[in-house]
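Given chain A, work out where chains B and C should sit, using these hints.
Read off the chains here:
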Amino acid sequence: MIELSREEDVYTLTMTAGENRWNTTFVREFAAALDEVEASTGAAALVTASASEKFFSNGLDLDWVAAPDAHPEAGDRGAFGAEFMVLMGRIITFPVPTVCAINGHAFGAGFMAALCHDVRIMRSDRGFVCANEMQLGMKIPDQELALFRHKLPRHVFFETVQLARRWTGPEALAAGIVSETGELDGLLASAQRRAAALAPLGANRELYGGQKETLFGENAVINGPHGPAYLLRTAGDH
Amino acid sequence: MIELSREEDVYTLTMTAGENRWNTTFVREFAAALDEVEASTGAAALVTASASEKFFSNGLDLDWVAAPDAHPEAGDRGAFGAEFMVLMGRIITFPVPTVCAINGHAFGAGFMAALCHDVRIMRSDRGFVCANEMQLGMKIPDQELALFRHKLPRHVFFETVQLARRWTGPEALAAGIVSETGELDGLLASAQRRAAALAPLGANRELYGGQKETLFGENAVINGPHGPAYLLRTAGDH
Amino acid sequence: MIELSREEDVYTLTMTAGENRWNTTFVREFAAALDEVEASTGAAALVTASASEKFFSNGLDLDWVAAPDAHPEAGDRGAFGAEFMVLMGRIITFPVPTVCAINGHAFGAGFMAALCHDVRIMRSDRGFVCANEMQLGMKIPDQELALFRHKLPRHVFFETVQLARRWTGPEALAAGIVSETGELDGLLASAQRRAAALAPLGANRELYGGQKETLFGENAVINGPHGPAYLLRTAGDH
Chain A
4 MIELSREEDV YTLTMTAGEN RWNTTFVREF AAALDEVEAS TGAAALVTAS ASEKFFSNGL
64 DLDWVAAPDA HPEAGDRGAF GAEFMVLMGR IITFPVPTVC AINGHAFGAG FMAALCHDVR
124 IMRSDRGFVC ANEMQLGMKI PDQELALFRH KLPRHVFFET VQLARRWTGP EALAAGIVSE
184 TGELDGLLAS AQRRAAALAP LGANRELYGG QKETLFGENA VINGPHGPAY LLRTAGDH
Chain B
4 MIELSREEDV YTLTMTAGEN RWNTTFVREF AAALDEVEAS TGAAALVTAS ASEKFFSNGL
64 DLDWVAAPDA HPEAGDRGAF GAEFMVLMGR IITFPVPTVC AINGHAFGAG FMAALCHDVR
124 IMRSDRGFVC ANEMQLGMKI PDQELALFRH KLPRHVFFET VQLARRWTGP EALAAGIVSE
184 TGELDGLLAS AQRRAAALAP LGANRELYGG QKETLFGENA VINGPHGPAY LLRTAGDH
Chain C
4 MIELSREEDV YTLTMTAGEN RWNTTFVREF AAALDEVEAS TGAAALVTAS ASEKFFSNGL
64 DLDWVAAPDA HPEAGDRGAF GAEFMVLMGR IITFPVPTVC AINGHAFGAG FMAALCHDVR
124 IMRSDRGFVC ANEMQLGMKI PDQELALFRH KLPRHVFFET VQLARRWTGP EALAAGIVSE
184 TGELDGLLAS AQRRAAALAP LGANRELYGG QKETLFGENA VINGPHGPAY LLRTAGDH
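Residue numbers (the numbering used here), protein chains in the order written: chain A, 4 to 241; chain B, 4 to 241; chain C, 4 to 241.
One should not assume that every hint holds.
[What the hints assert, rightly or not] Among the chain C residues that face chain A by a calculated CB cut under 8 Å, a handful are:
| hint | residue |
| --- | --- |
| 1 | Met137 |
| 2 | Leu139 |
| 3 | Gly140 |
| 4 | Lys142 |
| 5 | Ile143 |
| 6 | Leu148 |
| 7 | Pro156 |
| 8 | His158 |
| 9 | Glu162 |
| 10 | Arg169 |
| 11 | Thr171 |
[Unchecked claim] DSS-like cross-link-like pairs, simulated, lysine-lysine; straight-line CA separation at most 30 Å:
| hint | chain 1 | residue 1 | chain 2 | residue 2 |
| --- | --- | --- | --- | --- |
| 12 | A | Lys142 | A | Lys215 |
| 13 | C | Lys215 | B | Lys215 |
| 14 | A | Lys215 | C | Lys215 |
| 15 | C | Lys142 | C | Lys215 |
| 16 | C | Lys215 | B | Lys142 |
| 17 | B | Lys142 | B | Lys57 |
| 18 | C | Lys57 | C | Lys142 |
| 19 | A | Lys142 | A | Lys57 |
| 20 | A | Lys142 | B | Lys215 |
| 21 | B | Lys142 | B | Lys215 |
| 22 | A | Lys215 | B | Lys215 |
| 23 | C | Lys142 | A | Lys215 |
Since the hints were derived computationally from the structure, they do not count as laboratory data.
Quick caveat, the model's predicted, so the values are computed rather than measured.
Even glycine gets a Cβ: it sits at the ideal position worked out from N, Cα and C.
Looking at chain A on its own, in the form it has when it is part of the complex:
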């Protein structure tokens, strides 16, 4: 479901569950891989990628959400909401540089996960990033709104959350959602090169992660008393 490999200073976390839909088991395996990266010392950076050719991550595991008892391998349904948000709060303040290779569709929770990384590189010819809640008739949680608000220019934030716009790679690049696009062939290699270049910033984790806390943590208010990292992290409390 989640594989972690290392090549010099660069860890690569590969999601290998097809559409890579989020359920409690997926969250916990992802978190365990982060534990391993975080336990390392010295220069380091993380690349997050997908083994699929079509999907980065297609959102929630809706089959499981509809019938959790029919999918026990997907884990504790009741624990999911808060644990997912806490994981996002952990990624957005991760103490080493993080690079996301968006090789295909990133919808809903998958888009959130991508946006929590420091750098996004997206496939140019196919795939959309999209927060599709409005289209599905669902309210976007406050934590997710805070995340989008802090990461995107105002007009891009609005089109993303209110109009559920599907952004292609070139559109996402122009909008500032991703910082680079490329062909599928070579996308992972680009992400790994970028991660290798940023890895020295990860050597001082207290400094690198500490500044992200300042950017996204408690008191990083825009809309409400707290910023996205704090809201994501404390999602179980409110």
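Only chains B and C this time, still in chain A's reference frame:
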């Protein structure tokens, strides 16, 4: 002064007062048209357009402001400030998708009205959008600042409010002020097509409008205790 | 170190100290030039430029920071931090339009100074703007974070402060960090033309500076209780 028509799910509100300058009568006719749209049920979207070939809306009715008694048809001068802001607060949180066809100049209050819509499509070859208060030696009200701040990227916000920049269609597109440009011929049709595509989002008005309240309502703080919708709406109270 | 000249309504402040590194003496000479501009009346605007062909301002005077006693001409080391921030707070709310001609590298404190101006024009073929603290292993002070956060679109803010990106002129233009680029030859003249066009806005200093106070002053909260001008200005108190 204001005409409202309907074609399937798309309402078109056309301003037919030449330069479409804002006075109390204009505000109340605009509000009455919104009442009609809001009283409908099911999928719906609103297009706001101008019958003029040169002006979308050229700002306040300055003749009336200078000599209200000489223009009784323009309405109660004392009621204007708060009622105009309240109308803008209503548009920015309108519970169905709103598309604005900017066919010509949109200055001051006219630019505010355009910016309160969800989507803006602007004529490419002529016309400016501009908040010209600084050039006229007027302070921009807090409500208007909050509106611009929440809708525009930071550098665009600054050039707009502090330097009173006149943005052409192509410049407004690059800056994120509008999301599309086109020739005057076909501008209204483009806006109506866009509105038709977004109309299904308006079917659940509590959800669609409720999320805008979250984006722009009370506690949507950036500069002061409240966001633009709240400030616009309560302009009569402070 | 600092030269000030005037041509009709346009003051030009030229930094003539080579790399134009910041120490207490440099801060005080810069402030004295601002005193002279501020003592004038009527339409006015300020251009800030460098006499160097390679550097706009290369950041802190690190030789002096490392060994202040060996460089007594650089001034009181203990006074520097707060006085520098206060100067930045003064520029960001300066009551006449300010235009910065970035003719070469602007790093750290030099980038901050450029960003406090109303308009930036940057050399297109050489030179970087960069907040290089993360690369140097230094925490970015809260005042500086607030400045960057209020001036830049979200994704540009993040790449600037967290990833210490070196922006070329064309990249800075696309990102909204500068509003114009040009060849070194003619850069100063462009800045002066722009300043002359904006100078009338400076005639009413209470209005022009007062609105900047609203944009950047106390209560201009995003991340913490106060905005960048307030934080910069009161840097000595906390």
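Taking the hints in turn, this is what the structure says about them:
no. : hint                  : in the structure
1   : Met137                : holds, 6 Å
2   : Leu139                : violated, 10 Å
3   : Gly140                : holds, 6 Å
4   : Lys142                : holds, 6 Å
5   : Ile143                : holds, 7 Å
6   : Leu148                : holds, 6 Å
7   : Pro156                : holds, 4 Å
8   : His158                : holds, 4 Å
9   : Glu162                : holds, 7 Å
10  : Arg169                : violated, 12 Å
11  : Thr171                : violated, 15 Å
12  : A:Lys142 <-> A:Lys215 : holds, 27 Å
13  : C:Lys215 <-> B:Lys215 : holds, 28 Å
14  : A:Lys215 <-> C:Lys215 : holds, 28 Å
15  : C:Lys142 <-> C:Lys215 : holds, 27 Å
16  : C:Lys215 <-> B:Lys142 : holds, 11 Å
17  : B:Lys142 <-> B:Lys57  : holds, 27 Å
18  : C:Lys57 <-> C:Lys142  : holds, 27 Å
19  : A:Lys142 <-> A:Lys57  : holds, 27 Å
20  : A:Lys142 <-> B:Lys215 : holds, 11 Å
21  : B:Lys142 <-> B:Lys215 : holds, 27 Å
22  : A:Lys215 <-> B:Lys215 : holds, 28 Å
23  : C:Lys142 <-> A:Lys215 : holds, 11 Å
Hint check: violations occur at hints 2, 10, 11; the rest are consistent with the structure.
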